[in-house]
Every structure is written in structure tokens, then in C-alpha cells.
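**Q** Sequence:
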Amino acid sequence: MSARTTGRLLRPATLSITTIVCAGLGTPAHADWPTDAAEPLFIGTAPGPGIERHTLTVTADDAVWVAWQDGYCESDFRIQRLDHLGASFTSGGMIIQPDPTCGFVNAPALVASGNEAVVARAFADLAASALLRFDHTGLPTWGSGLLVPLPVQLADLLTLPNQDIIEFYTLSNNIYADRINPAGKQVWSESKIYNNAFGSNFRFIDAVPDADGGAFMFWDAPTAYRRSTRVARIDGEGTMLFGPISPMKTGEILGASRHTDPVAVADGVGGAYFIWTLGREDGFTTAPVLLQRIAPDGLLAHDLAGLRISLGTERQFDPQAVLDPATGDLMVLWRDDVLSDQTLRVQRLSAEGDRMWGDEGILIAPLDPIYSHYAPVLWNDQLAIAVSGPSGVSICRVNADGTIDPEVWPISPVGPTRAIRMVESGTSLVVVWHSAEPGFDNFLYAQRINANGRLGNPACNSADFAAPFGHLDFFDVAQFLAAFAGGDEQADLIADGEHDFFDVAAYLSAFADGCAP
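In this text, residue positions in the sequence shown follow the numbering used here: the first is 1, and each later residue adds one.
Just to be clear, a hint being listed does not mean it is correct.
Within a straight-line C-alpha distance of at most 16 Å, the following computed EDC-like cross-link-like pairs (lysine to aspartate or glutamate) qualify [what the hints assert, rightly or not]: (1) Lys-185 x Asp-164; (2) Lys-249 x Asp-303; (3) Lys-185 x Glu-237; (4) Lys-192 x Asp-235; (5) Lys-192 x Glu-237.
Label-pair restraints from in silico Cβ distances [as the list claims (entries may be wrong)]: (6) Arg-258 x Met-356: 28 to 34 Å; (7) Ser-340 x Gly-453: 28 to 34 Å; (8) Ala-87 x Leu-254: 50 to 56 Å; (9) Ala-516 x Pro-390: 37 to 43 Å; (10) Asp-381 x Leu-241: 43 to 49 Å; (11) Arg-454 x Gly-199: 52 to 58 Å; (12) Phe-502 x Arg-454: 40 to 46 Å; (13) Ala-87 x Met-240: 40 to 46 Å; (14) Pro-182 x Leu-481: 45 to 51 Å; (15) Gln-153 x Glu-352: 37 to 43 Å; (16) Phe-502 x Val-414: 43 to 49 Å; (17) Pro-410 x Ser-172: 48 to 54 Å; (18) Glu-352 x Asp-401: 17 to 23 Å.
Simulated from the structure, these hints should not be mistaken for laboratory data. In this text the structure is predicted, and so the values were computed from the model without any measurement. Heads up, the beta-carbon is just placed ideally off N, CA and C, and yes, glycines get one too.
I would like the entire structure built from these sequences, with the hints used as guidance.
**A** Structure (C-alpha cells):
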């Protein structure tokens with residue numbers, strides 16, 4: 001199919017989602033973020049075996065959005081929005097689309113664009129399931145959404161700096177891309193088409209932004225018992241600047257493992273990292289996590305064999321990575337060893353690829369092979385890591401020098417828990433996880449964590465001294481006066497080492513500003 005005949009593939013959906021959206025919306029649910037770890041915020045249900053994949057994003061107003069499928073077979077696709085005070089669309093989440101599939105439960109595509117969210121079911125047939133956009137009230141700002149008049153499959157969504165969205169989708173042996181502005185209009189004169197170099201049996205892994213309004217695309221395909229990967233870069237007009245190239249060695253005994261998903265991360269200066277586990281098919285050979293860095297011009301920073309994250313001899317799986325934008329360092333977490341001997345380890349690497357936290361990284365915690373998952377966020381100059389498990393959810397932290405903070409924050413003592421996700425929202429962290437109940441009663445829960453591990457609403461400004469946080473009242477004034485009289489550092493609002501009239505004036509000004517609604 002030529003580019004000419006596929007021009008402007010994107011079009012408004014002709015089906016209506018108004019009825020199903022309004023049926024799910026109802027009255028917004030208002031509830032403060034819980035302060036009791038044993039009573040986390042309920043988000044919704046996801047009954048069915050293995051329904052443990054959800055997606056999080058944070059919009060410009062610091063609201064956290066969650067998207068998930070609520071069942072295993074012919075279920076509904078739902079979203080939930082949680083503001084800084086824990087208010088949500090409706091109890092249980094808002095139904096936005098029927099999910100006609102059976103047995104394919106995957107994390108939905110969900111990205112922020114300004115104060116709104118753009119969402120679609122994972123691997124959705126875009127000729128039947130529309131790409132949707134919602135505002136903070138739950139109204140669909142693209143009406144019934146956008147469809148593609150071909151039986152294409154959604155691959156990924158990416159938000160650009162100007163809040164445009166690039167929608168990637170696949171058909172046969174091609175990758176397609178459309179650029180959509182916040183009004184839902186096609187930016188490019190025609191859809192872009194890229195041959196994936198593998199044939200029709202391939203998987204789109206991820207798209208990450210470059211520094212110039214374009215993106216890196218990563219995809220792979222099976223080669224015997226392993227996977228071979230390709231990467232390409234496109235500019236803001238959809239023109240391919242280089243690729244597809246391979247960032248790794250491939251061959252009969254090389255390539256990425258089929259047992260674990262690789263990850264891609266923007267390097268902060270226009271390039272990208274790709275991290276994968278070396279494919280091995282026996283249980284006694286080291287299977288290391290490897291890294292490659294791809295420059296904006298397609299040059300590789302390391303040999304095709306890849307850079308080892310750890311020199312440990314145990315098998316290494318399930319990498320996750322976080323970039324420190326201040327230093328350019330990359331922190332990589334992985335599941336070390338197998339079965340009941342699994343542990344969580346983390347390594348910090350310089351932009352040049354130097355291992356900064358020892359040859360084998362740092363041991364964080366033992367992992368349960370069934371329930372334990374982990375989610376990292378760089379927060380307040382520490383690597384915060386949320387870990388789920390049989391006994392609930394907790395957060396541990398690693399300092400920049402590689403020392404582990406001795407205080408572990410308990411987030412929920414109720415287990416078993418799985419499939420944890422965590423994002424930064426304003427001055428807080430928000431964690432979302434699945435309960436793993438027996439049978440079909442699985443639930444999604446959330447909790448908000450503030451500085452020093454305090455659960456509940458964030459302080460709305462510097463005058464918000466006392467619970468209930470997010471509100472200014474007499475108790476805040478009393479707590480400030482007590483701190484001021486006692487010479488507490490917390491009351492030194494102008495941070496000059498003194499407690500005087502200027503601190504009082506700063507407090508009165510902040511109190512007069514009030515809390516945002």
C-alpha cells in the first residue's frame with residue numbers, strides 16, 4: 001500500500017461512546033487520601049485470573065490517571081483519575097469502551113497531554129476501538145474518538161513537548177505513525193509508513209522521545225528461541241533519520257531473551273538506552289542484563305555484545321531503568337537469580353557506562369517469585385523503589401552514593417499484592433497495585449506518600465502544618481505557633497536560620513493564599 005493511498009488514515013470515530021461513558025461517570029467520588037496504611041484508596045475491580053496489568057500517567061495538574069481492563073474475557077476498559085486530594089471520577093472507575101477480546105490482558109496505552117489523558121486498549125484494532133481523550137471531568141474531548149479505516153493494531157502512544165501525540169500502529173510488515181494535535185487533528189499530511197525489516201511476525205517494544213521533537217522506535221522479532229531487536233529514529237515530521245539498525249549481536253546463540261521484556265529509556269541528551277537480558281535456553285548459564293546506548297545519529301556507544309550491568313553470575317531478568325537528568329546517570333534494577341532465591345538488585349551507571357555501585361550492584365531485598373514486583377522513581381535525590389509482595393507494599397530508598405536509607409516506609413500491610421506501579425505527583429509519590437485475592441476477586445488500590453513517608457493528602461502550601469492536610473484551618477495556625485515558639489526548623493519559612501517577624505509574615509501570606517480547590 002503506497003503512502004499516497006494511506007494519507008490521512010486517522011478519522012473521527014462514527015460509533016458513539018457517549019452512553020457507556022455517561023453510564024460509568026455518575027457523581028465524582030470525593031475522599032481524602034487515606035492516612036492509615038491498612039486502608040488504601042480503592043480504585044476498582046479487575047476480576048479474573050491474572051488480571052494484573054494497568055497503566056499510570058500524570059497530567060500537568062498533577063492528577064494521576066489509571067487505565068485497566070476489568071476482566072479476562074469480554075470485559076470493560078476503565079479509567080480512573082485521582083487528584084491531589086484523592087477525588088476520583090466515580091467509585092470503581094469510569095467505563096469507556098467494551099473489550100471484546102478473550103485471554104489477552106495487557107497494559108493499556110495511556111499518556112498525558114496537558115491536563116488531559118489520551119488512552120486506548122492494548123493492541124486495539126483501531127478500526128473498531130477508538131483512540132480517546134478525556135478532560136479532568138471525564139468528558140471525551142475528542143467526542144467518540146479517532147479511528148483508522150484499516151484493521152491496524154495499536155503499538156504505542158508518545159507525547160511530544162508541544163503536547164501533540166504520536167500514535168504508532170502496525171499492519172502486516174509495516175509500522176505506521178500519525179501525529180495528532182490536542183484538538184484531535186492530523187498534523188502530518190499523510191500517515192508515515194516504515195518497513196520493520198522482519199516481516200509480519202514482530203513486536204513493537206517502545207517509543208521514547210529524542211531532544212528535537214522526534215522519537216526512537218524499538219521493535220523485535222523471534223529468531224528461533226531468542227529475539228532480535230531493531231531501532232530507528234524519526235524526526236518531528238515523521239521522516240526516518242536512521243535505521244532500522246540492530247543494537248545487539250544476533251545469531252544462533254545470541255539475541256534477547258524471550259522470557260523477559262526489554263526496556264528503552266531516553267538518555268536526556270537526544271539519544272536512547274536499550275536494556276535487555278541475553279537469551280539463554282539452559283538453567284545453568286549466566287544470563288546477564290545488557291545495555292546499549294544509541295546516539296542521535298545512530299552510532300552505538302558500546303560493542304554489539306552490550307555492556308554488562310552487573311558482573312554477577314546469577315541469571316538476571318525483568319530490568320527497569322530510571323535516568324537522573326541532573327547527572328545523566330542511569331539506574332537499572334533487575335530480578336537476580338530464579339525461583340525462591342530471587343533478589344532485587346540495582347546498579348548506577350555513568351553516561352560513559354561506568355558501574356558506580358560495585359561490580360554486581362546493590363542488593364535491595366529478597367523477592368517472592370510469584371507476588372513480588374517493583375517500581376522505581378527518582379524522588380528528592382533518592383531512588384525510591386516500591387516493592388509488592390505476599391505481605392503488602394513498602395518503599396525503600398537508595399541515596400546517590402549507593403547507601404540504602406535504613407528506614408523502610410510501609411505503604412500497605414495487607415497482602416498478597418502484585419503488579420505495582422509508582423509515579424511522582426507534585427511533591428508526592430502515588431503507588432497503585434493489585435491485591436491478589438484467591439479466585440476472581442482482585443482489586444486495584446492506591447496510596448499517596450509524602451515527604452518522610454507520611455501517608456495521605458499533600459500539604460497544599462507552606463502554611464499547611466497539620467492534619468487534615470490539603471486544608472487550612474485553626475489547627476495549622478496552632479501547629480505553626482507551637483513550632484515557632486519552640487524554634488523548630490519547620491517554622492523558619494524564609495530559611496535564614498532565624499525565627500522572627502519575617503517568618504510570621506510568610507506564614508500569614510501563605511495562609512491567605514489558601515489551598516487550591
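**Q** If you test the structure against every hint from before, which numbers come out violated?
**A** Violated hints: 10, 12; rest satisfied.
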